[in-house]
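K.L.:
As a plain string of letters, each chain reads:
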Amino acid sequence: MSSSADAQFVEHASDKLPWSLWMRQIAAILRLEVKKNFLGRRAILIYLLALAPVLLMAAMAATAGGEISRHSGLAIIIFANIFEGFILRTVVFFGCAWIFMNLFRGEVVDKSLHYYFLAPVRREVLVTGKYLSGLLTSIFLFAGSTVGALFFFYLALGQSANSNYTFNGLGLGHSVSYISITVLACVGYGAVFLVVGLFFRNPMIPAIIIYGWEFINFLLPPVLKKISIIHYLRSLSPVPIPEGPYALIAEPTPAWLSVPGLLILTSLVIVIASLQIRRMEIKYGGE
Amino acid sequence: MAVYEHTYKPYAGKLTPEWSRFLIIPRHAYKDIFRSKLFTGFFALCFVGPLIFAIMIYLHHNINALLMLELRVRDLVPINAEFFQIFISIQGGLGFLLTVIIGPTLISRDLANNGLPLYLCRPFSRAEYVIGKMSVLMILISSITWVPGLLLFLFQSYLEGAGWFGNNLRIAVAIFLLSWVWIIILALLSVTISAWVKWRMAASAALFGLFMITNAMGIIINELFRTWIGSIISLSILMQTISDGLFGLRDSFDMDLNEYMIAPVWSAWMAFGLICALCLFLLTRKVRAYEVVR
Amino acid sequence: MSESSEQKIVFEGVSKFYGEILGVNKVNLLVAPGITSLVGPNGSGKTTLMNLMTGLIRPTRGRISILGTRPDQPEKLFRKVGYCSQYDSFPKGLTGFELVRSMLAVHGFHRKEAEPLTWKAIERVGLTDAAHRKVAAYSKGMRQRIRLAQAIAHRPSVMILDEPLNGLDPVARAETMRLFRQLAEEGLHLIVSSHILHEVDTMSDRVILLNNGYVVAEGEIHGVRNEMEEHPMQILIRCDRPSTLASRVFEQDSVVEAKLHKDRRGLFVKTRDADSFYLLLNRIVTEGHINVESVAPVDDDLNAVYQYLIGSRGEDQ
Numbered sequence: 001m002s003s004s005a006d007a008q009f010v011e012h013a014s015d016k017l018p019w020s021l022w023m024r025q026i027a028a029i030l031r032l033e034v035k036k037n038f039l040g041r042r043a044i045l046i047y048l049l050a051l052a053p054v055l056l057m058a059a060m061a062a063t064a065g066g067e068i069s070r071h072s073g074l075a076i077i078i079f080a081n082i083f084e085g086f087i088l089r090t091v092v093f094f095g096c097a098w099i100f101m102n103l104f105r106g107e108v109v110d111k112s113l114h115y116y117f118l119a120p121v122r123r124e125v126l127v128t129g130k131y132l133s134g135l136l137t138s139i140f141l142f143a144g145s146t147v148g149a150l151f152f153f154y155l156a157l158g159q160s161a162n163s164n165y166t167f168n169g170l171g172l173g174h175s176v177s178y179i180s181i182t183v184l185a186c187v188g189y190g191a192v193f194l195v196v197g198l199f200f201r202n203p204m205i206p207a208i209i210i211y212g213w214e215f216i217n218f219l220l221p222p223v224l225k226k227i228s229i230i231h232y233l234r235s236l237s238p239v240p241i242p243e244g245p246y247a248l249i250a251e252p253t254p255a256w257l258s259v260p261g262l263l264i265l266t267s268l269v270i271v272i273a274s275l276q277i278r279r280m281e282i283k284y285g286g287e
Numbered sequence: 001m002a003v004y005e006h007t008y009k010p011y012a013g014k015l016t017p018e019w020s021r022f023l024i025i026p027r028h029a030y031k032d033i034f035r036s037k038l039f040t041g042f043f044a045l046c047f048v049g050p051l052i053f054a055i056m057i058y059l060h061h062n063i064n065a066l067l068m069l070e071l072r073v074r075d076l077v078p079i080n081a082e083f084f085q086i087f088i089s090i091q092g093g094l095g096f097l098l099t100v101i102i103g104p105t106l107i108s109r110d111l112a113n114n115g116l117p118l119y120l121c122r123p124f125s126r127a128e129y130v131i132g133k134m135s136v137l138m139i140l141i142s143s144i145t146w147v148p149g150l151l152l153f154l155f156q157s158y159l160e161g162a163g164w165f166g167n168n169l170r171i172a173v174a175i176f177l178l179s180w181v182w183i184i185i186l187a188l189l190s191v192t193i194s195a196w197v198k199w200r201m202a203a204s205a206a207l208f209g210l211f212m213i214t215n216a217m218g219i220i221i222n223e224l225f226r227t228w229i230g231s232i233i234s235l236s237i238l239m240q241t242i243s244d245g246l247f248g249l250r251d252s253f254d255m256d257l258n259e260y261m262i263a264p265v266w267s268a269w270m271a272f273g274l275i276c277a278l279c280l281f282l283l284t285r286k287v288r289a290y291e292v293v294r
Numbered sequence: 001m002s003e004s005s006e007q008k009i010v011f012e013g014v015s016k017f018y019g020e021i022l023g024v025n026k027v028n029l030l031v032a033p034g035i036t037s038l039v040g041p042n043g044s045g046k047t048t049l050m051n052l053m054t055g056l057i058r059p060t061r062g063r064i065s066i067l068g069t070r071p072d073q074p075e076k077l078f079r080k081v082g083y084c085s086q087y088d089s090f091p092k093g094l095t096g097f098e099l100v101r102s103m104l105a106v107h108g109f110h111r112k113e114a115e116p117l118t119w120k121a122i123e124r125v126g127l128t129d130a131a132h133r134k135v136a137a138y139s140k141g142m143r144q145r146i147r148l149a150q151a152i153a154h155r156p157s158v159m160i161l162d163e164p165l166n167g168l169d170p171v172a173r174a175e176t177m178r179l180f181r182q183l184a185e186e187g188l189h190l191i192v193s194s195h196i197l198h199e200v201d202t203m204s205d206r207v208i209l210l211n212n213g214y215v216v217a218e219g220e221i222h223g224v225r226n227e228m229e230e231h232p233m234q235i236l237i238r239c240d241r242p243s244t245l246a247s248r249v250f251e252q253d254s255v256v257e258a259k260l261h262k263d264r265r266g267l268f269v270k271t272r273d274a275d276s277f278y279l280l281l282n283r284i285v286t287e288g289h290i291n292v293e294s295v296a297p298v299d300d301d302l303n304a305v306y307q308y309l310i311g312s313r314g315e316d317q
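Chains as they are written, first to last, in the working numbering: chain A, 1 to 287; chain B, 1 to 294; chain C, 1 to 317.
By construction, these hints were calculated from the structure, which means they are not laboratory data. All of these numbers come straight from a predicted model, not from anything done at the bench. Watch out, some of these pointers could steer you wrong.
With a straight-line cut-off of 20 Å between C-alpha atoms, the simulated EDC-like cross-links for lysine to aspartate or glutamate are [stated by the list, open to error]: (1) A:Lys283 to C:Asp300; (2) C:Lys92 to A:Asp110; (3) C:Lys76 to A:Glu214.
Which residues of chain A face chain B? A few of them, derived with a C-beta cut under 8 Å, are [said to hold, decoys possible]: (4) Phe94; (5) Leu268; (6) Val269.
Ideal Cβ positions, reconstructed from N, Cα and C, are used throughout, including at glycine.
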């Protein structure tokens, strides 16, 4: 059998890293995975989850729009609460858990991971491709969900309050912050759940522990608070939310530290995932 | 014409009684479940609560022990309806975690491995199958909720005297009923999810997410629309409402629920009935000896 | 690594344990180009050996090299290797064409290169008409063939095929075997596992017999048979005077048994040294007293080798 196709891979022979090959491989993995993430039967739950805050805000705009527009100051605090309590801690958390744990564990359950393992792809490239596909899906859905919720929130504010808040006040800045926080949440939670899906056969127990850890974050001493995603995300919130009477107060981490901190944590987690996947064997039995 | 010798004889011996046949499922399930040391450890931990509550009851009635610990009776939690309600809530919560761990595998494994026809091609009905699967959870959760709950109640009655028993019979009824509400809702939800979601992890996530997501949604709906509807959407507030109704208490957990957020007890019972009906409907649709593969 | 081992598949003292369960133990092999069949009963370690070769599992002990590449370097290994595994599962929602093309894209092929390669592979396995149908709607045989197409699409030098004839109808079996022969003639290494002994017998250049995780025999089938001295070779000689022939064959010490055929027109001879027996037979025939119609070994095939080496032990278990 001839090896005419090998011509494409001559870059292997050189000392340089084959970046263009890796890019092509990542693009191919992305195409396959994004299609699966959006069109698979498992995506239905994610759509419902992403739609929930939008529907809630739409219902609020339809029924309580007048009252909201009269008390716009209070409305801003209510939205901040909804964003943190529902969108961030529930929708993005559970959504990312679902999407990212599915990336590898789902394939083990479907008994199709070996197709990737039988391709000449560095396992690190595979992790990167899969992570990016999860990121693309989660950002599209959950940042979209935040945008949708914001849209109906503004709609409820009414036209005059709306333009005042958006263009003369802090509205635009707040909106950008909320969307950025959602994106960062996807980046952080995504990495954590990717690695959980790689390490555990039943990743639900660690996922519940992570949920508990994030949930009781307000009770933790400042040092421990920093070992969580929600601490950094809360620090970026444009409207600070009180954590209740039992909370141990910690100084919020400034944005210039929390954003790179989150990105560094994510990179570290991806490196761990890459090391783990190099050792991974295909054993489908018992799943 | 061929003449065949009929050597085959069908089984003509005695069978187990029909009413108890479903117990074969929990019997085998426990063998599997208790093979996990982690689960066995967790299950043992579920009995620490009853022990602590028993010690608290004991201390109430033992002056010498109180003196030794330099405590006064008024320093202790009073033994009343709230005491037992807290006990059942803690044990119910542990029951929930127990269900998240073992519930999702109950039917999903049979569906994933095409095991359902093996059960249903025998003199074993669909109802018996579902009851058998549910009984795995029912027996386990019973052993950590109403069984120790009633024992604690009897212990307190014994120490306090017959009058206390008669005056507080409602507490015993509430312990029993509330435990069964927990058991039924947990068993039905987990068996239904298990029947619809083949993948164990997804089923666990769905069960866990169902409680957490409906809780967050319920609170937000209450806040946004100044209504109590959210209180019956949130499964945890729903359970609290039923619990308050049974124990004759109001917002006992001090969840800072505004007046408008407190759902009437009848609505909570209705929501509970609706959830059970929905689960049963979904179960009858899915638990069949065949499956349409698309 | 020597130049010759760069052209071969090498196993050096390879063992694989699944906890306390033995997968394969102390395997030493040197596989040259051509068709090599892995034969053995269920659970003998055939799939374990294939998964070890492709890095899907890692050896507990020992070293494996596929044409000079270690299996833990997938980025290099799968440029040379194609594996048609036994897992009858596929990424969801893809057509046969999409499956093969997508996997070529994951290899790093550009779209313009991937498409013709995809069509070529699909054509070779005879699935052109069904290429645009969803894999989920394929029959078992079609799924088997699309897996084969996916394994050969990137033109590997080594093909590892786990039960590749499973689920195929007789025509497709014959075509697939023809394809294997063709690929072997092109210089490929083909490692095939199969249960169907007569098919293995007709297509393989070499066999590796496995039992309970151990390699019990390896090499060219007739060579393996000749080395089994505890099981004398049985030869049937069709002739006009079998009784006379029987009296003559015992001139040779290596002949251990002679038995007349039921129709009295043939003689079964059991010998420990087939080559010298054939020389003796030549001598007898040239003497002109006996007319020999045909000479054929009765148990010089894989089936017999399997029965002698594994069959009886298999029954014991």
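K.L.:
Confirm or reject each hint.
P.N.:
A quick look at each hint next to the structure:
1. Simply put, Lys283 of chain A and Asp300 of chain C have alpha-carbon atoms about 38 Å apart, too far for the 20 Å limit, and the pair is violated.
2. Using a Cα cut-off of 20 Å, the hinted pair Lys92 of chain C and Asp110 of chain A holds, with the two alpha carbons roughly 9 Å apart.
3. Simply put, Lys76 of chain C and Glu214 of chain A have alpha-carbon atoms about 42 Å apart, too far for the 20 Å limit, and the pair is violated.
4. Because the smallest distance between the Cβ of Phe94 of chain A and any Cβ of chain B comes to about 5 Å, under 8 Å, the interface hint for this residue holds.
5. Proximity of Leu268 of chain A to chain B is violated relative to the hint, the smallest CB-CB distance being about 25 Å (cut-off 8 Å).
6. Checking Val269 of chain A against chain B: minimum C-beta separation of about 20 Å lies over 8 Å; hint violated.
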